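Protein sequence lines correspond, in order, to chains B and G.
The first sequence begins at 1 in the UniProt record's numbering and counts up by one.
The second sequence begins at 1 in the UniProt record's numbering and counts up by one.
Keep in mind the hints are simulated off the structure, nothing from the lab.
Hints are supplied without guarantee of correctness; some may be wrong.
Cut-off 30 Å, straight-line C-alpha distance, at most; resulting in silico cross-link-like pairs (DSSO-like, lysine-lysine) [to be verified]:
id	chain 1	residue 1	chain 2	residue 2
1	B	Lys260	G	Lys521
2	B	Lys520	G	Lys31
3	B	Lys520	G	Lys545
4	B	Lys488	G	Lys51
5	B	Lys545	G	Lys259
6	G	Lys27	B	Lys51
7	B	Lys259	G	Lys521
8	G	Lys521	B	Lys386
9	B	Lys545	G	Lys386
10	G	Lys488	B	Lys75
11	B	Lys547	G	Lys386
12	G	Lys259	B	Lys521
13	B	Lys20	G	Lys386
14	G	Lys545	B	Lys386
15	B	Lys27	G	Lys488
16	G	Lys520	B	Lys31
17	B	Lys27	G	Lys386
18	B	Lys259	G	Lys386
19	G	Lys547	G	Lys20
20	B	Lys27	G	Lys486
21	G	Lys547	B	Lys260
22	B	Lys521	G	Lys260
23	B	Lys521	G	Lys31
24	G	Lys580	B	Lys547
25	B	Lys386	G	Lys520
26	G	Lys31	B	Lys488
27	G	Lys51	B	Lys259
28	B	Lys259	G	Lys547
29	B	Lys386	G	Lys27
30	B	Lys260	G	Lys520
31	G	Lys260	B	Lys386
Quick caveat: nothing in here was measured; it's all calculated off a predicted structure.
There are 2 protein chains.
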Amino acid sequence: MGNGDNEIQQRIQVQIPPRKPFSHSLKSSLKETFFPDDPFKQLKNQPVSRKFILCLQYFVPILEWAPRYNFEFFKADFIAGITIASLAVPQGISYAGLASLPPVIGLYSSFVPPLIYAMLGSSRDLAVGTVAVPSLLISSMLGKEVNPHQNTKLYMQLVFTATFFAGVFQAALGLLRLGFIVDFLSHATIVGFMGGAATVVCLQQLKGILGLVQFTHGADLVSVMKSVFTQIHMWRWESGVLGCCFLFFLFITRYFSRKKPVFFWINALAPLTSVILGSLLVYFTQAEKHGVEIIGHLKKGLNPPSVSELETAFGSPHLLTAIKTGVITGVIALAVMMATAVMITLLFLTPLFHYTPLVVLSTIIMAAMISVIDYEAAIHLWSVDKFDFIVCISAYIGVVFGSVEMGLIIAVAISLLRILLFVARPRTTAMGNIRNTRSYRSIEQYPDANFVPGILILHVNAPVYFANASYLRERILRWIDDEEDKLKHSAKNDLQYVILDMSAVGNIDTSGISMLEELKKNIDRRCIKLALANPGGEVMKKLDKSKFIDTIGHEWIFLTVGEAVNGCNIILQACKAKAKAVETEAADNKV
Amino acid sequence: MGNGDNEIQQRIQVQIPPRKPFSHSLKSSLKETFFPDDPFKQLKNQPVSRKFILCLQYFVPILEWAPRYNFEFFKADFIAGITIASLAVPQGISYAGLASLPPVIGLYSSFVPPLIYAMLGSSRDLAVGTVAVPSLLISSMLGKEVNPHQNTKLYMQLVFTATFFAGVFQAALGLLRLGFIVDFLSHATIVGFMGGAATVVCLQQLKGILGLVQFTHGADLVSVMKSVFTQIHMWRWESGVLGCCFLFFLFITRYFSRKKPVFFWINALAPLTSVILGSLLVYFTQAEKHGVEIIGHLKKGLNPPSVSELETAFGSPHLLTAIKTGVITGVIALAVMMATAVMITLLFLTPLFHYTPLVVLSTIIMAAMISVIDYEAAIHLWSVDKFDFIVCISAYIGVVFGSVEMGLIIAVAISLLRILLFVARPRTTAMGNIRNTRSYRSIEQYPDANFVPGILILHVNAPVYFANASYLRERILRWIDDEEDKLKHSAKNDLQYVILDMSAVGNIDTSGISMLEELKKNIDRRCIKLALANPGGEVMKKLDKSKFIDTIGHEWIFLTVGEAVNGCNIILQACKAKAKAVETEAADNKV
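Next comes chain B alone, as it looks inside the complex (with noise of 0.2 Å):
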């Protein structure tokens, strides 16, 4: 042995990261956890004032950019405000439905927040508005409690105490950095609950579409279904003719401007077109005497709107006042065209949607959200992650069939059962030397990779911790039995060695420690040598403390695999060459 030993001492050492004091180490773990984004890296080295005013600009970002605002900006803005309030005016009139709310609020909705976020919003790009999801996840938790027709009056309130505590809520969550709850939601959660919100949403459309007066509060298919089917004898012609037309017409300007990019204003003015020549068709016609609804129908809630009206009409203190800012913050406001172009719509064509057909709203509505439905995205998580697809698909069925709540709920606790899987059962893979290299990879991926005779190199691929340990004990002990029986029929050389390749395990806790303490001890037991590759930072400071170095001996601690391979080696050439020693002087001996 002690030939191998002198050989091994030349080596590079796996290290063992410098120590650093405890409140050191908490103190960047804390930044790392909630302040990702470092926000005061600019504040650096600078002076006081200085700093007041990033700070400021950090909370208030309009001060940071409002000096730089020019007539160029200004132009762009025009445009897109003026496409995005295409869209929002009639999509803030249909939300507030989907809300069982008066239209009007759906039109307030539309301009104050992007205000207030042209103040306080980070993005310049980001449109703020009336939201599908949010709405109708209003009225089928608060239709609930209240019925929004008949009790208008509490039903508003709640409605308005919810969003309170919503807005409460989110502010608690950005002052405490635990914005990254929300990163819980991964993509494919996203695309199953968007998709199933769409769907309901369009379902919920065909009251509309239909010309149906009574229709159940429940958003999950069966209810809708039921309240549809019941109701066929109760179906308008008209309104259901038109509600196609306008669909079909919309779907057209859509597939025009996606062939033809230049074009695309035609599909972004397609909504108001429609509100417009709907408008003007039931204007006409007089068709709200035959069956279409119009909008002017639903106002029995609340008087014509106008802001000093709506003070006293809305009861919510926190209302009032976010109102009265939005008012304010209008006034000096000097961005965000959108916001603007809806107050003006609010201020003087009010009157106009006196006899817009709700049935053109549930067009706008079913276009936009069918275009939600992204499918293509579905398709390519079944090719890409199966267990993805299994989470988008649980959430698009959770929100379809039962709530938005119940498939929000199943989404996230699939995937976090994901994650605790992946720490639960991680991958242990066979490794062999890759040809004309001194690299070694796992079988599994590299199937032309040689076994080192008499070698055992293991991968394991996460954190070695309590929620694995029992298992990777029994995984890894497996790994040799099989490795052994493999041998004995093989008849070569006996399994002398495993190597644990730990490059890919970040962590390990007290419980994975213990583990490695017990595995030694079985396969000392079997007169086979455990040797660690590559062990990282954090990994080495615990089994530096816990003593475990010590334990296995720093000598069989290696920086790569190669090198392990290689110390076993030297080792296993030096003993058998002892042995041939041994025995050739016993033979001598004997002569």
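For this one, chain B is given, so just place chain G on it according to the hints.
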């Protein structure tokens, strides 16, 4: 560039593992998840009759070892049985007290389960019997519903129902192969949890040691302390003195046995000795009339113990069956001497227990429990792994100040949070070349490693999942920003390449792939090239299916970091040579 490309073509390519049908990989991953111990391995390639026998032996291990049982085993078992029984008898009685059950049930629990375990259990070295924590759980959880002293019969029925369902639940976990749920209780959790439970059990013993009659049903520190210190006038000094004496005796014997392991039996027999000494003391001094409570006094709910009378008293058909089974198996069982010894105690020595003072039982339990509080393990956790220490301490505090359930829930939640945090916030470290080798390692671990000019090498140490995708994108871009800042100040080379070392990236999902795509786009815009080093099999599969390999170019994926650096350098030099050539040419032309 052409020059460099040629060089690159000659190297060994990173391979995509051979494709397997989906059903195949699903089957193997399900097997790894639910049958990690591969229980049917020995059934392989066996005739049907042999398979049947092996299966039977797997489920009823006594069939396997009984034929090989001989007198040598019996002798060893005899000594072990007597020794364990010496602790089991007083323990059984005291734990019955913890669960607010008549003491005789504790004795029955000490002999029936071991007999069943002898038949069905797989380990020959395990002692089965009464356990403190479940006993405490039973009284603290059921005691809230029914007062065990006022409504003994109902309380006992509830206990039997609860234990029956505990059994059903455990059997279900076993049959459904969900034992891995237990893996989620980490070593640290168990240390903290057991320490907390032991503390709580010790606190309960204050009742016996201080000779209190009234005592709280709460198990937490606060209610016990309140109960003890509001009754100072009820403390019995006789009981207290006796308790201190026996506690001293037990600790002395333990200390002695530890010093001289040959006399281990002194420690082992100490509990039974205490019981006998205590009983004799009470019998001769009639101390029961002077404030030392004895067991006899407690037996008001149940008639003197005899199997036939118990049957009518128990009232639960399940336990009845269990006891019958126990008696029958007791007759036919060959081993586990301890159970037989306890049974003999039960049949012949029960009258002796009449005079056993409760205070002795309390001291025995207290002495046993104090040795369970593994403060050394907690110190070890602190020195090795701070996070594990936090888990341990939370479990302890949860149990001592809250309840057993609360401690368990807090500890498991923190443990899971740690796994999620590991994945959500992976470590990225810059890598450098280790002198005189071709290996590249983290600068944090090897502070002597050399940076490669113009190339940023980053190591990612966790799977790239939805939970960390956006964090990783931000973090890697921050690394690049920092590196560019550094290079700007030093006015050396520009940053030209970013190499991501994927060795430790065990898996990637679709969110992770999108992140890589975005990252590539972003750094392409800065005229920096992205290269990957050593992606594993799973990662290569997904990168291939999602066409990311085509996006990045197969020539930018390298087998090792060293090759990636070489590849980048070759291209870099080729470009420089070309630029120089162009310059020279231009200069020549000028001339």
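Given the hinted pair Lys547(B) and Lys386(G), is their Cα-Cα distance within 30 Å?
Given pair Lys547(B), Lys386(G) holds - Cα atoms ~16 Å apart, limit 30 Å.
Hinted pair, alpha-carbon criterion (30 Å max): Lys51(G), Lys259(B). Please report holds or violated.
Distance ~67 Å between Lys51(G) and Lys259(B) Cα, so the pair is violated.
For the pair supplied as a hint, Lys386(B) and Lys520(G), confirm whether the alpha-carbon distance does not exceed 30 Å.
Holds, because 24 Å separates the two Cα atoms, which is no more than 30 Å.
Proposed proximity, Lys521(G) with Lys260(B) (alpha carbon, max 30 Å):
Since the Cα atoms of Lys260(B) and Lys521(G) sit roughly 25 Å apart, the hinted pair holds (cutoff 30 Å).
Can you confirm whether the C-alpha distance between Lys547(G) and Lys20(G) stays at or below 30 Å?
Given that 30 Å is the threshold and the Cα spacing comes to 18 Å, the pair holds.
Within a Cα-Cα threshold of 30 Å, do Lys580(G) and Lys547(B) meet the stated pairing?
Judged against 30 Å, a Cα distance of about 56 Å means the pair is violated.
Does Lys386(B) sit within 30 Å of Lys260(G), going by the straight-line distance between their CA atoms?
61 Å, violated
Measure nothing beyond the straight line between the CA atoms of Lys488(G) and Lys75(B); if it is 30 Å or shorter, mark the hint as holding.
37 Å, violated
Measure nothing beyond the straight line between the CA atoms of Lys520(B) and Lys31(G); if it is 30 Å or shorter, mark the hint as holding.
26 Å, holds
Keeping to a limit of 30 Å between CA atoms, is the pair of Lys27(B) and Lys488(G) held or broken?
28 Å, holds
Given hint Lys547(G) paired with Lys259(B) - CA-CA distance at most 30 Å:
25 Å, holds
Would you mind confirming whether the straight-line C-alpha gap from Lys545(G) to Lys386(B) stays at or under 30 Å?
Holds. Lys545(G) to Lys386(B) sits at ~12 Å (cutoff 30 Å).
Violated hints, listed in ascending order, are 3, 6, 10, 18, 24, 27, 31; each of the other numbered hints is respected by the structure.
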